Amino acid sequence: MIGSGIKRGTAELAILSVLEEGPLHGYEMTRRIEAQTKGSLRFTLAALYPMLYRMEQRGWIRGSWETSSNGRRRRCYRLTPAGKKKLSPLRKEWAELFGALKRLTKVAHG
Amino acid sequence: MADWQKLVRQRLSNLALEGAEKDEVHAELAAHLEESYEAFCKEGLPEKEAVHRTFEQVADWRDLQRRIFIAKRSGHPMQKRAQQLWIPGFLTLILSMVFLVTLQRLGFNARIVSWRDSDVLLHAPWLVSLPFFGALGAYISSRAGGSRGTVVLASIFPALALTLAFLLMFPIGLILEWIIGRRVDFSTAATALLRDGIGWILVPGAALLAGGFMAQFLFLRRLDFRGTVRH
Numbered sequence: 000m001i002g003s004g005i006k007r008g009t010a011e012l013a014i015l016s017v018l019e020e021g022p023l024h025g026y027e028m029t030r031r032i033e034a035q036t037k038g039s040l041r042f043t044l045a046a047l048y049p050m051l052y053r054m055e056q057r058g059w060i061r062g063s064w065e066t067s068s069n070g071r072r073r074r075c076y077r078l079t080p081a082g083k084k085k086l087s088p089l090r091k092e093w094a095e096l097f098g099a100l101k102r103l104t105k106v107a108h109g
Numbered sequence: 000m001a002d003w004q005k006l007v008r009q010r011l012s013n014l015a016l017e018g019a020e021k022d023e024v025h026a027e028l029a030a031h032l033e034e035s036y037e038a039f040c041k042e043g044l045p046e047k048e049a050v051h052r053t054f055e056q057v058a059d060w061r062d063l064q065r066r067i068f069i070a071k072r073s074g075h076p077m078q079k080r081a082q083q084l085w086i087p088g089f090l091t092l093i094l095s096m097v098f099l100v101t102l103q104r105l106g107f108n109a110r111i112v113s114w115r116d117s118d119v120l121l122h123a124p125w126l127v128s129l130p131f132f133g134a135l136g137a138y139i140s141s142r143a144g145g146s147r148g149t150v151v152l153a154s155i156f157p158a159l160a161l162t163l164a165f166l167l168m169f170p171i172g173l174i175l176e177w178i179i180g181r182r183v184d185f186s187t188a189a190t191a192l193l194r195d196g197i198g199w200i201l202v203p204g205a206a207l208l209a210g211g212f213m214a215q216f217l218f219l220r221r222l223d224f225r226g227t228v229r230h
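Residue numbers (numbering that gives the first Met the number 0), protein chains in the order written: chain A, 0 to 109; chain B, 0 to 230.
Don't read these hints as lab results, they were simulated from the structure.
Because the structure is a prediction, the values reported are computed rather than measured.
Ideal placement from N, C-alpha and C gives every residue a C-beta, glycine not left out.
Be careful, since some hints might not be right.
[To be verified] To be clear about the criterion: a stretch of chain B counts as covered by chain A if any three or more of its residues have a C-beta under 8 angstroms from a C-beta of chain A, and this derived list gives those stretches:
hint, region
1, 15-29
2, 63-70
[Claimed, not checked] Straight line, CA to CA, 25 angstroms or less: simulated BS3-like cross-link-like pairs of lysine-lysine:
hint, chain 1, residue 1, chain 2, residue 2
3, B, LYS47, A, LYS84
4, A, LYS105, A, LYS91
5, B, LYS79, B, LYS41
6, A, LYS37, A, LYS101
7, B, LYS5, B, LYS21
8, A, LYS85, B, LYS41
9, B, LYS5, B, LYS47
10, B, LYS41, A, LYS37
11, B, LYS47, B, LYS79
12, A, LYS91, A, LYS37
13, A, LYS83, B, LYS41
14, A, LYS91, A, LYS101
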């Protein structure tokens, strides 16, 4: 079973990565993550919003109400400079972790 | 079609956040559910099934309510307090005082207005400017997510600071008078305190508060998504 720390870490990386492409509201974010990971990562509403609010409190993302072309009001999130700064080392950490796991499994099977 | 706003509000009714913040969470989650439901409908699911699948996203509303509360309160309380009260408050105080000094240097001085056998010192041009400073304090506090109470405090901050100054000046003045051996006339001191209190605290406080309410009304009306989020 994957620990909550790892889950949270990957979730944060996924959210920051999709927001790097531009501002998104919560629902669109889940669709984008699901599509880009080919369904490997899925966020339910219950998993997404506590995460978004926590990241907002940390100052990594900022939410603001916007009206779309069809007149709907949605809370859109965008990366803050602090979030952009956080993304790069986070990517590096996860790349190192996955690289290490890959090497480990190769040794185990090899 | 389900009233998502109402359903979310019912399920997260005990969310321990303040008014506007709580409403925002309700509206945001309702919008998410509505989009999920519409996507399921587009996939060809019957309405009942679409509603069921939409609600499957939240297995435990109580747990979600708890986690949202923890997440929303995870910021540093001191930092939040500074952003919501101290920064807008002191900014309002400094700007209003700088403006007062500038007015006095330009020759716009306070005038004595007689009221019920007593004279009150009023600075009309400064008083006219105060609603704008009050509005500025309220706006900055609102932007930082301040509650209504905090927004009001931020807008009337200069009046609160002057009240504190008056409260300190009165006993200090009495002590000084006592040290130098001068007889203290309490009725004169009380009259002066009341007169200056009206001119420098009550009237400016009311002007700042008017500005604060004006900004709150305009700002909150702009943020009033509740009426527009449903279509």
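A quick look at each hint next to the structure:
no., hint, verdict
1, 15-29, "holds (count 5)"
2, 63-70, "holds (count 5)"
3, B/LYS47 to A/LYS84, "violated, 45 angstroms"
4, A/LYS105 to A/LYS91, "holds, 21 angstroms"
5, B/LYS79 to B/LYS41, "violated, 42 angstroms"
6, A/LYS37 to A/LYS101, "holds, 20 angstroms"
7, B/LYS5 to B/LYS21, "holds, 13 angstroms"
8, A/LYS85 to B/LYS41, "violated, 37 angstroms"
9, B/LYS5 to B/LYS47, "holds, 17 angstroms"
10, B/LYS41 to A/LYS37, "holds, 20 angstroms"
11, B/LYS47 to B/LYS79, "violated, 43 angstroms"
12, A/LYS91 to A/LYS37, "holds, 22 angstroms"
13, A/LYS83 to B/LYS41, "violated, 35 angstroms"
14, A/LYS91 to A/LYS101, "holds, 15 angstroms"
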